[in-house]
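Take these sequences, add in the hints, and give me the full structure.
So the sequences go chain by chain: A and B.
Heads up: the first sequence begins at 74 in this note's numbering, then just goes up one per residue.
Heads up: the second sequence begins at 3 in this note's numbering, then just goes up one per residue.
By construction, these hints were calculated from the structure, which means they are not laboratory data.
In this text, all values refer to a predicted model and were calculated from it rather than measured experimentally.
Each residue gets a CB set at the ideal place from its N, CA and C atoms; glycine is no exception.
Keep in mind that the hints are not guaranteed to be accurate.
Now the in silico label distances, taken between C-beta atoms and shown as ranges [said to hold, decoys possible]:
1) Ile14(B) <-> Gln153(A): 13 to 23 Å
2) Ser168(A) <-> Ile14(B): 30 to 40 Å
3) Asn102(A) <-> Asn53(B): 19 to 29 Å
4) Arg133(A) <-> Asp73(B): 12 to 22 Å
5) Ser67(B) <-> Arg133(A): 35 to 45 Å
6) Pro81(A) <-> Gly60(B): 22 to 32 Å
Sample of chain B residues at the chain A side, in silico, Cβ under 7 Å [to be verified]:
7) Gly44
8) Leu45
9) Gln50
10) Gly54
11) Arg57
12) Ala58
13) Phe66
14) Glu105
15) Leu106
16) Phe108
17) Glu110
18) Gly111
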Amino acid sequence: EDKVVQSPLSLVVHEGDTVTLNCSYEVTNFRSLLWYKQEKKAPTFLFMLTSSGIEKKSGRLSSILDKKELFSILNITATQTGDSAIYLCAPGDSSYKLIFGSGTRLLVRP
Amino acid sequence: DSGVTQTPKHLITATGQRVTLRCSPRSGDLSVYWYQQSLDQGLQFLIQYYNGEERAKGNILERFSAQQFPDLHSELNLSSLELGDSALYFCASSEPGGRYTGELFFGEGSRLTVL
Numbered sequence: 074e075d076k077v078v079q080s081p082l083s084l085v086v087h088e089g090d091t092v093t094l095n096c097s098y099e100v101t102n103f104r105s106l107l108w109y110k111q112e113k114k115a116p117t118f119l120f121m122l123t124s125s126g127i128e129k130k131s132g133r134l135s136s137i138l139d140k141k142e143l144f145s146i147l148n149i150t151a152t153q154t155g156d157s158a159i160y161l162c163a164p165g166d167s168s169y170k171l172i173f174g175s176g177t178r179l180l181v182r183p
Numbered sequence: 003d004s005g006v007t008q009t010p011k012h013l014i015t016a017t018g019q020r021v022t023l024r025c026s027p028r029s030g031d032l033s034v035y036w037y038q039q040s041l042d043q044g045l046q047f048l049i050q051y052y053n054g055e056e057r058a059k060g061n062i063l064e065r066f067s068a069q070q071f072p073d074l075h076s077e078l079n080l081s082s083l084e085l086g087d088s089a090l091y092f093c094a095s096s097e098p099g100g101r102y103t104g105e106l107f108f109g110e111g112s113r114l115t116v117l
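Okay, here's the thing in C-alpha cells:
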C-alpha cells in the first residue's frame with residue numbers, strides 16, 4: 074500500500090529561523106513528488122520534483138528529491154509569519170493521482 | 003483563483019440523507035480528482051476521472067459515487083450520510099488537453115457537516 078510520512082507533524086519557530094520539512098514515501102510506480110501549501114482552504118502548488126538531486130528554488134523556499142532513498146525535503150529560510158500553514162507532500166504515481174501525507178503544521182511567531 | 007469551481011461551499015444535512023457536490027474543472031483540463039479532508043487530517047484520495055472515464059479509485063466508500071459528464075464537470079454523490087462523513091471535500095483538475103503536467107489545481111472545497 075502506498076505510504077507517505079511527513080515529519081515533524083508540527084513546528085513552532087520564530088521569524089527569521091530556517092526550517093526543514095521532511096517527507097518519506099513508498100509509492101508504486103512513482104512518477105513525481107509535489108509540495109503544496111495549505112492555509113485556510115485550497116492547497117496551493119509550491120514545487121514539482123521529478124529528478125533526484127536537482128534542487129528547485131522559489132524565493133526563500135527550496136526542495137530536493139532523493140529517489141534512491143525515497144524522500145524529499147522542503148527548506149524555508151528566513152521564515153515569516155506568512156509562512157504559517159500546513160505543508161503537504163504528495164508523491165504521484167503513474168495514474169497521475171497524488172497521494173498526500175498528513176502534512177507538517179508550521180507556525181511562525183513574530 | 004485556481005479556476006476550479008466547487009458548489010456548494012457549505013452544506014449542512016442530517017444523517018441518512020444524500021447530497022451531491024459539484025465541480026467544474028479549469029477550462030481545458032480533462033482530469034478531475036476528488037479528495038476528502040477530515041478534521042486535522044491530510045487529503046484522502048477518493049476517485050479520479052479522465053475525459054469521462056474513471057481512471058483511479060482510492061478508499062472511496064460504497065455509499066459514495068462520482069461521475070464526470072461530457073462537458074467535463076463532475077459530481078460526487080454521498081448517500082446514507084453518517085456523522086463521520088463530515089469533512090471538506092476538494093475537487094482538483096489537471097491535464098490541459100490531455101497533457102500531463104503533474105500539478106493539480108484545487109477548488110476551494112465543499113464543507114459538509116452531517117448532524
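Status of each hint after checking the structure:
1. The hint said 13 to 23 Å for the Cβ distance between Ile14(B) and Gln153(A), and at roughly 36 Å that hint is violated.
2. Checked against the hint of 30 to 40 Å, the pair Ser168(A) and Ile14(B) passes, with Cβ atoms roughly 34 Å apart.
3. In this structure, Asn102(A) and Asn53(B) meet the distance hint of 19 to 29 Å, their C-beta atoms being roughly 21 Å apart.
4. Under the hint 12 to 22 Å, the C-beta atoms of Arg133(A) and Asp73(B), about 41 Å apart, miss the expected range.
5. Against the hinted window of 35 to 45 Å, the Cβ-Cβ separation of Ser67(B) and Arg133(A) comes to about 43 Å, which satisfies the hint.
6. At roughly 26 Å, the beta-carbon separation of Pro81(A) and Gly60(B) lies within the given 22 to 32 Å, and the hint holds.
7. Satisfaction of the interface hint for Gly44(B) is found here, the shortest Cβ-Cβ separation to chain A being roughly 4 Å, below the 7 Å cut-off.
8. Restraint check, Leu45(B) versus chain A: the minimum CB separation of about 4 Å is within 7 Å; hint holds.
9. Taken as an interface hint, Gln50(B) checks out: its beta carbon lies about 5 Å from the nearest beta carbon of chain A, inside 7 Å.
10. Nearest Cβ of chain A to the Cβ of Gly54(B): about 16 Å, over the 7 Å cut. The hint is violated.
11. The criterion of a C-beta within 7 Å of any C-beta in chain A is met by Arg57(B), whose closest approach is roughly 6 Å, and the hint holds.
12. Residue-level restraint check for Ala58(B) holds (minimum Cβ-Cβ distance to chain A is 4 Å; threshold 7 Å).
13. For Phe66(B), the shortest C-beta to C-beta distance to chain A is roughly 16 Å, which exceeds 7 Å, and the interface hint is violated.
14. Interface restraint check for Glu105(B): the shortest CB-CB distance to chain A comes to about 5 Å, inside 7 Å, so the restraint holds.
15. Interface restraint check: Leu106(B) against chain A, minimum CB-CB distance 6 Å, threshold 7 Å, status holds.
16. Checking Phe108(B) against chain A: minimum C-beta separation of about 4 Å stays under 7 Å; hint holds.
17. A hinted interface residue such as Glu110(B) counts as satisfied when its beta carbon comes closer than 7 Å to some beta carbon of chain A; here the least separation is about 5 Å, so the hint holds.
18. A least Cβ separation of about 6 Å between Gly111(B) and chain A falls short of the 7 Å threshold, and the interface hint therefore holds.
Figure legend: structure checked against the earlier numbered hints; hints not met, in rising order: 1, 4, 10 and 13.
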